[in-house]
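K.L.:
Each chain is listed here by its residues.
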Amino acid sequence: EPEVTQTPSHQVTQMGQEVILRCVPISNHLYFYWYRQILGQKVEFLVSFYNNEISEKSEIFDDQFSVERPDGSNFTLKIRSTKLEDSAMYFCASSEGTGRDTEAFFGQGTRLTVV
Amino acid sequence: AQRVTQPEKLLSVFKGAPVELKCNYSYSGSPELFWYVQYSRQRLQLLLRHISRESIKGFTADLNKGETSFHLKKPFAQEEDSAMYYCALKALTGGGNKLTFGTGTQLKVEL
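Heads up: the protein sequence lines correspond to chains A and B, in order. In this text, residue positions in the first sequence follow my numbering: the first is 1, and each later residue adds one. In this text, residue positions in the second sequence follow my numbering: the first is 1, and each later residue adds one.
Just so you know, these hints were derived from the structure itself, not from any lab. There may be inaccurate statements among the hints.
Stated by the list, open to error - Each pair of labels, with its calculated beta carbon distance range:
{"hint": "1", "chain 1": "B", "residue 1": "57", "chain 2": "A", "residue 2": "8", "range": "23 to 33 Å"}
{"hint": "2", "chain 1": "A", "residue 1": "102", "chain 2": "B", "residue 2": "80", "range": "26 to 36 Å"}
{"hint": "3", "chain 1": "A", "residue 1": "76", "chain 2": "B", "residue 2": "75", "range": "22 to 32 Å"}
Think of the CB as a built atom: it goes at the ideal place given N, C-alpha and C, for glycine as much as any other residue.
Let the sequences and hints guide you as you build the complete structure.
P.N.:
Shown next, in the form of structure tokens:
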């Protein structure tokens, strides 16, 4: 069964450094998402991406964040200058379509630790 | 804005006992409701959605628009049901494709 794949599984970075989290969505999916989960809190939507542009973003997704689909298979989340509060589990997801009866498939997550 | 509330952080039941994981939502438009499950060290995966009205692994959930609830039920809990369960809402009218999650309920099934 096809899966969403995320790399790395765990990333430790120093505050102020840039990080890039990588995701390979399911191949025939057209919609891509990033969510994050701070330890002990709920899974929160960050951004959705379709047709090579952001279709929706949350208040969390400020200028420090950017997303890209550089080569038609990878979908990346970049955090330009990491802060301690960016430490969280980041989940990538993809879906075939939108609306009723479409399922979002999640990756296994990347645990980002900012020290 | 939409919101999903799962009042219980932890629910502990004995094997064979009935399970009910509570979920309430707040949204003025037409919602689509889901239950996602996360087994230990595994990814979030869809358990069921209200529009399919099916039973998966013995679990069912009925959307009650009057009470704005989507509680997850299973008549007889199994040890393998121990996991984190998340209720999620997708706003079908004007909410884009994003999922709004509850805080999750850890289900622990004891022998």
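K.L.:
Evaluate each hint against the coordinates.
P.N.:
Structure-based check of each hint:
no. : hint                     : verdict
1   : B:57 / A:8: 23 to 33 Å   : holds, 31 Å
2   : A:102 / B:80: 26 to 36 Å : holds, 28 Å
3   : A:76 / B:75: 22 to 32 Å  : violated, 44 Å
Checked against the numbered hints given earlier, the structure breaks only hint 3 and satisfies all the rest.
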